[in-house]
Every structure is written in C-alpha cells, then in structure tokens.
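Asker: Given the sequences, and given the hints that come with them, work out the whole structure.
There are 2 protein chains.
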Amino acid sequence: MSITYREVKADILRQITQGTLAPGSAMPNEVDLAASYGCARATVNRAMRELADDGIIERRRKAGTRVRQNPIRQVRLNIPIVGQEIEELGATYRYALVHGQAEPAPNWLRARMALQRDDRVLHLTCMHYADGAPYQHEDRWINLSALPEAEQHDFSEVGPNEWLVSTVPFTDAQISFHAVQADATIADYLDCTEGDALFQTERTTWLEGRTITFVQLTYRRGHRVTMQY
Amino acid sequence: MSITYREVKADILRQITQGTLAPGSAMPNEVDLAASYGCARATVNRAMRELADDGIIERRRKAGTRVRQNPIRQVRLNIPIVGQEIEELGATYRYALVHGQAEPAPNWLRARMALQRDDRVLHLTCMHYADGAPYQHEDRWINLSALPEAEQHDFSEVGPNEWLVSTVPFTDAQISFHAVQADATIADYLDCTEGDALFQTERTTWLEGRTITFVQLTYRRGHRVTMQY
DNA sequence: TTACGCCTTATGTCTATATCTTTTGAAAAA
DNA sequence: TTTTTCAAAAGATATAGACATAAGGCGTAA
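Order-wise, the sequence lines are chains A and B.
1 is the number of the first residue of the first sequence in the numbering used here; add one for each residue after it.
1 is the number of the first residue of the second sequence in the numbering used here; add one for each residue after it.
Be aware that one or more of the hints could be misleading.
Claimed, not checked - Reference listing, derived: stretches of chain B covered by chain A, where coverage requires no fewer than 3 residues with Cβ under 8 Å from a Cβ of chain A:
1. 123 to 131
2. 217 to 224
Unchecked claim - Reference excerpt, derived from the structure (chain A facing chain B, CB under 10 Å, subset only):
3. N70
4. A133
5. L144
6. L147
7. E162
No lab work stands behind these hints, which were simulated from the structure alone.
Beta carbons are placed, not taken as given, at the ideal position from N, Cα and C, and that holds for glycine.
Answerer: This is the structure in structure tokens:
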C-alpha cells in the first residue's frame, strides 16, 4: 500500500513543528503535494482538512493553504453525566432527591429560560455523592409546558439529568463555568464552610427552540475540570 | 450534482432525532445506505464518519454502525490568549508586568513541573486589564533549562503568554479549571474582597516531553467561561 | 467443552478522475 | 479613478472501484 493520509498529516505536522514550514507561510497546493508524496489528491486533501480542523493550518479557496500564524488552541471537553463522572473516579455513586415541586416560574427564571408568563416549572433539588461524601449539588428547573410528562415522573430513584438525556436526547445547550461563594444552604449540603469558593456549572437546554431545562450544578470544594491538548 | 454528504448527514441525523432510528439500534451498512441514497459509498462514509466524530453514532469494523444509546455530549473550547479575549469583548486591553525574577524552583513547583533539583525558573507576575479595570492576574513560571532565552527577554511590553506562543508554538498542555478564594494579594490586584470566589485556570505546557511553563490565571470576580453544543 | 484459527463482512482507506463553488485578481466599462 | 464583470485558481466534494484491516462467528481439533 502507498502512503496513508495519516503519514501525510504527520509529515506535514512535523515540518511545521520543526520549522521547515514557517508560521504564516504558504503551502504548496494539493495537486503538487500529492505529486511530491506520490499519492492521490484525496489523500492529501484528507490530511490537510484534518490539520485545518485542528487549527494548525488555514485554507481558503483560490488563496491556498497557509500555516497559521498562531495555531488555534482548542480542546474537546466531554460533558459526562455525574453518575458516570463519579464511577470513572472509581468511587461509588449515590443519588438523593432533596426536594421536588411544581410551581409557577419566578421572574428571574422566566427571563433566563425565556418562558411565558403562565408557564409552570418543576423545581428539583438533588444531591450526588461519591463514596458517601457530597460531590455535587443540583438545582434544576424543568419547563413543564415543554415537557409535561416530567410532572408525573418519579425522580426519587433516577436523577433528572439521566431521565432527561434518555427522554430528550439530541438537545442544544449552553454551558457556563464559573466560581461561586458557598452560602449557608450549599455549605450544609456540600459539607463545607460558608464562603468557600466552589466551582459551578450552569446549563440551559433547548429542543427545537424551546427551553427545556435550566440547571445549576455546584461541586464540592476543590473540584477541577481538566483537559489536554 | 447528486446528493451531498451534508445532506446525507442531515437526513440521518433527522431520522435519529425524530426517532425513526432509535437509540441503540443498528443502522444499515454503508453499501446499502449508498444504494438507498443513490450516491457513492464514500459519500455515506464521510457523513457517517462525521456523525461518529460528533458522538452521535458508534462504528466498529465488522460489527457495523449503531446509534449511540446516549449521545456523547462534547464541546470544543477555544483557549484564547488574554489580549484577544479582551478585545473580543470590545474592551481595550492593557498589560503590565508586576514582577519578574529568575530563581531556583521551589519544591512544590519542581514536583509540579517535573524539574531537576538544580533547574532554575523565571517567575513572572503580570496583570491584564480590560478598559482599565483588572481582568486577569497571571502567575507564571518558565523553565529556564528548557527555554534559556526567556531570561534575556524583556517582558515589560509583551506578556509572556504572547511571547511563548510565538516562540514555542505547537506545544502540548494540560489545563484545569477550578475555583479559588481570593487571598489578600490577589484581592488587591483584582480589586475585589479577600475571600471572594474567583475562577482560576492552571496550565502546564510541554514541548517534546520537557515542561516549558506552568501558569495560574486568576480572573476578576464574576468571570465565566461559556460554551455551546 | 474449550481453545484456536480461518473465513467473511463491515468499516477504513487509497486511487484516479470529474465537477462544483468560492474567491481573487485582472480586464473592461463607467 | 472607480466600479463591474469575468475567468482562472484552488479547495470542496462526488464517483467507482480496489485493497487493507479488524473482528465476529463458526468450524475443527484438542
């Protein structure tokens, strides 16, 4: 077999990292590269397409391909559901429903979830434990107009996150990470001190333009999200 | 022209989201799909490959392709350098070097950066401002054994991050996000109250197995990292 | 029954060629 | 000079056919 697209990709990357192909410089076109590697143009194309996707090079029709001045640094971040996250740590997962009640949406939440004036929400408060110790506090609101079956569902055994991903998979979401100070309630749940700095994730989820759910996930003290690139 | 791989991808995705193809179910093989779409196998292959890459379907040689039971939720997170980040907010960026000194690596850092006993590091403390207000505090250590030219460089005008990405692009890195409480020093720099919960990023960067730099980036109060998927 | 190894099959990849689309730069028109 | 138009260039994508590779499953031998 002749040269593979992986080898072409690796060779081009090597030339870039070793400085043979300088940042900002133009690269030969696909036809010429294919000729010099002695392979088909499609093979070069795939290698170049992946490098562009990785943020290493920049491609423009007619203008050609050039090495990016500064490579785009990007990571892929998996968003696991908390049970899996805990079990991957090698710990035992336990879930508890703290509180669940259907109620009219408060104003701040109506704005946040883009709800109508009379929309009702299911407010759930849950705890997730790793090896018996508090791991994550979940404060969730589900839009009952968009997902009425949530009101009948029993969340005492299975967490709302798990139920939602199996009931409405393939949603869109916006996620945000930030830091919050533990208030007395959260400190109590997460077994930490009031005022502690905690890592919090907020997530709003849509299905076909309708807001399904908004959730605040507050992690135990010292939680980290790590990534490689 | 006949059907495109994008259309095939969109159609398969539609079937999955609409439930025609149930989660966990096996899909027809590429040859059959190509026949039913009236296109080449390569076209179907690209559509399916991208769906697999998106975490929607699962492919295994011989075993075939099936719809994932729970789609993998993943986001792509760009790691901008702080100047760009601030300018994208529409604010004016200003940089200041607070402190810079070459010194022997303290023990905790030696462990963290996997340094030898006698390795020296350049310790830099910098501030980044958006429209004149504190935005980010940078505490950085550069391994002088790996990057001796850093010692001669003047970091009073251009931040170490910018200098590093142009001097040693194409590095590997591990990033971590977490929350910290502002101590008196940080509170002073970031113009917040001691004890405030702040978002912090830590990053260790390698080049060919050697640790280049370790940095702690502490953001102003209320900083958020947001993503879509 | 169990373990090993072959056969088949589905995906993975390459080739060679062709057409489509976007974009740039130059020529032509105002 | 400025604007419009157009052709060429380069990447984007499609096709048909071929071979490569991994792995499930079955048959055979221990």
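Asker: Tell me, in ascending order, the numbers of any earlier hints that this structure violates.
Answerer: 1, 4, 5, 6
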